[in-house]
Amino acid sequence: MKVRPLGDRIVIKRIEVEETTKSGIVLPGAAKEKPQEAKVVAVGPGTAEIKMEVKEGDRVLFSKYAGNEVKLDGIDYTILKQEDILAVLE
Amino acid sequence: MKVRPLGDRIVIKRIEVEETTKSGIVLPGAAKEKPQEAKVVAVGPGTAEIKMEVKEGDRVLFSKYAGNEVKLDGIDYTILKQEDILAVLE
Amino acid sequence: MKVRPLGDRIVIKRIEVEETTKSGIVLPGAAKEKPQEAKVVAVGPGTAEIKMEVKEGDRVLFSKYAGNEVKLDGIDYTILKQEDILAVLE
Amino acid sequence: MKVRPLGDRIVIKRIEVEETTKSGIVLPGAAKEKPQEAKVVAVGPGTAEIKMEVKEGDRVLFSKYAGNEVKLDGIDYTILKQEDILAVLE
Amino acid sequence: MKVRPLGDRIVIKRIEVEETTKSGIVLPGAAKEKPQEAKVVAVGPGTAEIKMEVKEGDRVLFSKYAGNEVKLDGIDYTILKQEDILAVLE
Amino acid sequence: MKVRPLGDRIVIKRIEVEETTKSGIVLPGAAKEKPQEAKVVAVGPGTAEIKMEVKEGDRVLFSKYAGNEVKLDGIDYTILKQEDILAVLE
Amino acid sequence: MKVRPLGDRIVIKRIEVEETTKSGIVLPGAAKEKPQEAKVVAVGPGTAEIKMEVKEGDRVLFSKYAGNEVKLDGIDYTILKQEDILAVLE
Numbered sequence: 001m002k003v004r005p006l007g008d009r010i011v012i013k014r015i016e017v018e019e020t021t022k023s024g025i026v027l028p029g030a031a032k033e034k035p036q037e038a039k040v041v042a043v044g045p046g047t048a049e050i051k052m053e054v055k056e057g058d059r060v061l062f063s064k065y066a067g068n069e070v071k072l073d074g075i076d077y078t079i080l081k082q083e084d085i086l087a088v089l090e
Numbered sequence: 001m002k003v004r005p006l007g008d009r010i011v012i013k014r015i016e017v018e019e020t021t022k023s024g025i026v027l028p029g030a031a032k033e034k035p036q037e038a039k040v041v042a043v044g045p046g047t048a049e050i051k052m053e054v055k056e057g058d059r060v061l062f063s064k065y066a067g068n069e070v071k072l073d074g075i076d077y078t079i080l081k082q083e084d085i086l087a088v089l090e
Numbered sequence: 001m002k003v004r005p006l007g008d009r010i011v012i013k014r015i016e017v018e019e020t021t022k023s024g025i026v027l028p029g030a031a032k033e034k035p036q037e038a039k040v041v042a043v044g045p046g047t048a049e050i051k052m053e054v055k056e057g058d059r060v061l062f063s064k065y066a067g068n069e070v071k072l073d074g075i076d077y078t079i080l081k082q083e084d085i086l087a088v089l090e
Numbered sequence: 001m002k003v004r005p006l007g008d009r010i011v012i013k014r015i016e017v018e019e020t021t022k023s024g025i026v027l028p029g030a031a032k033e034k035p036q037e038a039k040v041v042a043v044g045p046g047t048a049e050i051k052m053e054v055k056e057g058d059r060v061l062f063s064k065y066a067g068n069e070v071k072l073d074g075i076d077y078t079i080l081k082q083e084d085i086l087a088v089l090e
Numbered sequence: 001m002k003v004r005p006l007g008d009r010i011v012i013k014r015i016e017v018e019e020t021t022k023s024g025i026v027l028p029g030a031a032k033e034k035p036q037e038a039k040v041v042a043v044g045p046g047t048a049e050i051k052m053e054v055k056e057g058d059r060v061l062f063s064k065y066a067g068n069e070v071k072l073d074g075i076d077y078t079i080l081k082q083e084d085i086l087a088v089l090e
Numbered sequence: 001m002k003v004r005p006l007g008d009r010i011v012i013k014r015i016e017v018e019e020t021t022k023s024g025i026v027l028p029g030a031a032k033e034k035p036q037e038a039k040v041v042a043v044g045p046g047t048a049e050i051k052m053e054v055k056e057g058d059r060v061l062f063s064k065y066a067g068n069e070v071k072l073d074g075i076d077y078t079i080l081k082q083e084d085i086l087a088v089l090e
Numbered sequence: 001m002k003v004r005p006l007g008d009r010i011v012i013k014r015i016e017v018e019e020t021t022k023s024g025i026v027l028p029g030a031a032k033e034k035p036q037e038a039k040v041v042a043v044g045p046g047t048a049e050i051k052m053e054v055k056e057g058d059r060v061l062f063s064k065y066a067g068n069e070v071k072l073d074g075i076d077y078t079i080l081k082q083e084d085i086l087a088v089l090e
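Which chain is which? The protein sequence lines are A, B, C, D, E, F and G, in order. Okay, so the first sequence: first residue is 1 according to the numbering used here, each after it adds one. Okay, so the second sequence: first residue is 1 according to the numbering used here, each after it adds one. Okay, so the third sequence: first residue is 1 according to the numbering used here, each after it adds one. Okay, so the fourth sequence: first residue is 1 according to the numbering used here, each after it adds one. Okay, so the fifth sequence: first residue is 1 according to the numbering used here, each after it adds one. Okay, so the sixth sequence: first residue is 1 according to the numbering used here, each after it adds one. Okay, so the seventh sequence: first residue is 1 according to the numbering used here, each after it adds one.
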């Protein structure tokens, strides 16, 4: 089964990594959140306003609490909007 | 009786599935919600800004709490906006 | 006395029906509301952004708590915006 | 003294009527408000986005709590925006 | 010293009047506020979206709590945006 | 060290003045704030929507709580957006 | 590993400085925050609306609580949007 995201949505699969974002700096409350790594699995067509800047296979950093989790054929994915992707790792 | 959705609205019929979205990851509060599967029954004409990307018969994932429920000729449907559809399953 | 709605507003008259929207699904809190049926009585001219998609005589589903109620010549009507109309029943 | 409203504002004078909007339907909380009748006294020039649809002398229904009340030469008026006018009565 | 307002801002000087806006109607809570009279002292150039509709010397009604008060050369003024001016009195 | 503001931002240096904005009028709660005087030190290039209306050396009134304070070479400055500047004093 | 920010995002590395922004002025509550210095490490391509005004190597002032912190190859970075950059230091 394949999943085709709509509009500016993207399907990603989280990469479990060892605490890469841990820093010694004290974070005041919930003002800051730590992003997480993932691999892009599928990319929507974009919208009139939003051109897609990532492609299948890209390794990305995304906002941990963004998007919706889904399980397809027993595997967990996250579907989120491109604006929740912070950067591509190259 | 047929139902014709207006604008960027879509009529769907939920598909009852066995806990496909259940994941072992701990979700912090209500920050994440689990989407649900449905079959597209009718699609609105779209608007000046929003082009419709799904068609009748598509199997889709949608935000569980989105839209309005209606019962027509004894069958339950949900009417929601295309932005509440996350992805098409192919 | 005739009522002419402005902009994208529509005047409707509710149709009392037997619990068509009753479903067995448990609704979590106020996250979902049940729409109601009505007959379109008058349609505004639309706006630069919004083209009217319903016409006088259409049978429609609308969000129950939307709009304003008025009594004209002893009859109850609701005046609401087209965006509060979910679908036309055909 | 004459009052010239700016932009999409309209000056109206309330018409005291016998409970025209009274309906037997139970309104849940403040979700619904009853509109009131008024006569249009002066109409602003409109804006780039909003074309005026009412004219001096029109009898209109408006949202009771909309706008600002003013007393000019001893008479009470309400100044509101066209979007707070629901319909014209003809 | 002269004050030149920016964009769609206007400098006004309040006119103390005898309770012109006092009405016998009971106002529910803070849903309604009474506007106040003022004389226009200086008018900004407007913006790409907003064309100025008042001119120096105009007598206007404005929302009492709008804008910022300033004292220049010992005189109190209010600087507000044109959208806070309800009407011109002629 | 020179500071170059981005977009529609402006760098200003406060002018300490004797209570120019003090007025006898009672201000209801925090509905009104007293603006403060400053000298413009640097002006950003503006944006596609916002044309800059002030220039280096202008004496301006600005919203006291707007912007961010910075200390450069031992001197305190405020960096704010042009929309937080109320008027130029001439 | 290189990080490529999307859209109008920018990757910066904080510069630890001695209390440059400390001022004697009393700040009322959280109405004001002190910006911090950083060096620009990578700049996104911008968007249809936002043209990038900073470049790699620029020394900038940014809103301390803006953006997301990430650790790459053991070094802490912040990814934020250009609108959270106040000014470039030259």
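Hints were generated in silico from the structure; no laboratory data involved. No residue lacks a Cβ here, since even glycine has one placed at the ideal position from N, Cα and C. Be a bit skeptical, because a hint or two may be false.
[As the list claims (entries may be wrong)] Computed footprint of chain E on chain F; a stretch qualifies when at least three of its residues, placed anywhere within it, have a C-beta under 8 Å from a C-beta of chain E:
id	segment
1	2 to 13
2	38 to 47
[As the list claims (entries may be wrong)] Using 30 Å as the maximum straight-line C-alpha spacing, the simulated BS3-like pairs for lysine-lysine come out as follows:
id	chain 1	residue 1	chain 2	residue 2
3	C	K51	D	K64
4	A	K51	F	K39
5	E	K81	F	K13
6	D	K64	D	K13
7	A	K51	C	K64
8	F	K39	G	K55
9	C	K64	D	K64
10	E	K2	E	K13
11	E	K81	D	K55
12	F	K13	E	K2
13	E	K2	D	K51
14	G	K13	G	K64
15	F	K81	G	K55
16	B	K55	C	K64
17	G	K55	A	K64
18	D	K13	E	K64
19	A	K51	A	K2
20	G	K51	F	K39
21	C	K64	C	K39
22	E	K2	F	K51
23	F	K51	G	K81
24	D	K81	E	K2
25	A	K13	G	K13
26	E	K81	E	K51
27	G	K2	F	K81
28	F	K81	F	K39
29	A	K64	G	K51
30	D	K51	E	K71
[To be verified] For the chain B half of the interface with chain A, some residues (derived, Cβ under 10 Å), not all of them:
id	residue
31	M1
32	V3
33	I15
34	E49
35	E53
36	V54
37	V60
38	Q82
39	E83
40	I85
Quick rundown of the hints versus the structure:
Counting residues of the segment 2 to 13 of chain F whose C-beta sits closer than 8 Å to any C-beta of chain E gives 0, which falls short of three, so the coverage hint is violated. Here the segment 38 to 47 of chain F counts 0 residues with a CB under 8 Å from a CB of chain E, which misses the bar of 3, and the coverage is violated. The suggested pairing of K51 (chain C) with K64 (chain D) holds, with an alpha-carbon distance near 28 Å, which does not exceed 30 Å. Of the pairs offered as hints, the one joining K51 (chain A) and K39 (chain F) is violated, with about 42 Å between alpha carbons and a cut-off of 30 Å exceeded.
About 25 Å separates the Cα atoms of K81 (chain E) and K13 (chain F), which keeps this hinted pair within 30 Å; it holds. In summary, the hint linking K64 (chain D) to K13 (chain D) is supported, as the alpha carbons are separated by about 12 Å, within the 30 Å threshold. Between K51 (chain A) and K64 (chain C) the CA atoms are separated by roughly 38 Å; this puts the pair beyond 30 Å, and the hint is violated. Pair hint K39 (chain F) plus K55 (chain G) holds up; C-alpha atoms about 29 Å apart against a cutoff of 30 Å.
Taking the CA atoms of K64 (chain C) and K64 (chain D), the gap is about 20 Å. The hint holds against a cut of 30 Å. Between the alpha carbons of K2 (chain E) and K13 (chain E) the distance comes to roughly 14 Å, so the proposed pair stays at or under 30 Å and holds. Distance check on the hinted pair: K81 (chain E) and K55 (chain D) sit about 26 Å apart at the alpha-carbon level, within 30 Å; holds. Restraint check: the Cα-Cα separation between K13 (chain F) and K2 (chain E) comes to about 20 Å, which is no more than 30 Å; the hinted pair holds.
Distance check on the hinted pair: K2 (chain E) and K51 (chain D) sit about 37 Å apart at the alpha-carbon level, beyond 30 Å; violated. With a C-alpha separation of about 12 Å, the suggested pair K13 (chain G) and K64 (chain G) falls inside the 30 Å cut-off, and the hint holds. Restraint check for K81 (chain F) and K55 (chain G): satisfied, since their Cα atoms lie roughly 21 Å apart, inside the 30 Å limit. Proximity of K55 (chain B) to K64 (chain C) is assessed by CA-CA distance (about 28 Å); at most 30 Å being required, the pair is judged to hold.
Annotation: proposed proximity of K55 (chain G) to K64 (chain A) holds, straight-line Cα distance about 28 Å (limit 30 Å). Distance check on the hinted pair: K13 (chain D) and K64 (chain E) sit about 21 Å apart at the alpha-carbon level, within 30 Å; holds. For the hint pairing K51 (chain A) with K2 (chain A), the CA-to-CA distance comes to about 22 Å; that is within 30 Å, so the pair holds. As the CA atoms of K51 (chain G) and K39 (chain F) are separated by approximately 28 Å, the hinted pair is consistent with the 30 Å bound.
Annotation: proposed proximity of K64 (chain C) to K39 (chain C) holds, straight-line Cα distance about 14 Å (limit 30 Å). With a C-alpha separation of about 22 Å, the suggested pairing of K2 (chain E) with K51 (chain F) holds against the 30 Å cut-off. Proposed proximity of K51 (chain F) and K81 (chain G) is supported: the alpha carbons are some 22 Å apart, at most 30 Å. About 33 Å separates the Cα atoms of K81 (chain D) and K2 (chain E), which puts this hinted pair outside 30 Å; it is violated.
A distance of roughly 28 Å separates the Cα atoms of K13 (chain A) and K13 (chain G); the hinted pair therefore holds under the 30 Å criterion. Between the alpha carbons of K81 (chain E) and K51 (chain E) the distance comes to roughly 12 Å, so the proposed pair stays at or under 30 Å and holds. Note on K2 (chain G) and K81 (chain F): the hinted pairing is violated, with a Cα-Cα distance of about 33 Å set against a maximum of 30 Å. Taken as a hint, the K81 (chain F) and K39 (chain F) pair is honoured in the structure, with Cα atoms around 14 Å apart against an allowance of 30 Å.
A distance of roughly 27 Å separates the Cα atoms of K64 (chain A) and K51 (chain G); the hinted pair therefore holds under the 30 Å criterion. Of the supplied pair hints, the one linking K51 (chain D) and K71 (chain E) is violated, its CA atoms being roughly 39 Å apart against a limit of 30 Å. Given the 10 Å rule on beta carbons, the hint for M1 (chain B) is violated: about 28 Å separates it from the nearest Cβ of chain A. Given hint, V3 (chain B) at the interface with chain A, is violated; its Cβ is 21 Å from that chain's nearest Cβ, farther than 10 Å.
A least Cβ separation of about 13 Å between I15 (chain B) and chain A goes past the 10 Å threshold, and the interface hint is therefore violated. The closest approach between the C-beta of E49 (chain B) and any C-beta of chain A is roughly 7 Å, which is under the 10 Å cut-off, so the hint is satisfied. Interface restraint check: E53 (chain B) against chain A, minimum CB-CB distance 5 Å, threshold 10 Å, status holds. The beta carbon of V54 (chain B) is positioned within 10 Å of a beta carbon in chain A (closest approach about 7 Å), and the interface hint is therefore held.
Satisfaction of the interface hint for V60 (chain B) is found here, the shortest Cβ-Cβ separation to chain A being roughly 8 Å, below the 10 Å cut-off. At about 7 Å, the closest approach between the beta carbon of Q82 (chain B) and any beta carbon in chain A falls short of 10 Å, and the interface hint on this residue holds. The restraint placing E83 (chain B) at the interface with chain A holds, with a minimum CB-CB distance near 7 Å, inside the 10 Å limit. Interface restraint check for I85 (chain B): the shortest CB-CB distance to chain A comes to about 6 Å, inside 10 Å, so the restraint holds.
Taken one by one, the earlier hints fail for this structure at numbers 1, 2, 4, 7, 13, 24, 27, 30, 31, 32 and 33, listed in ascending order.
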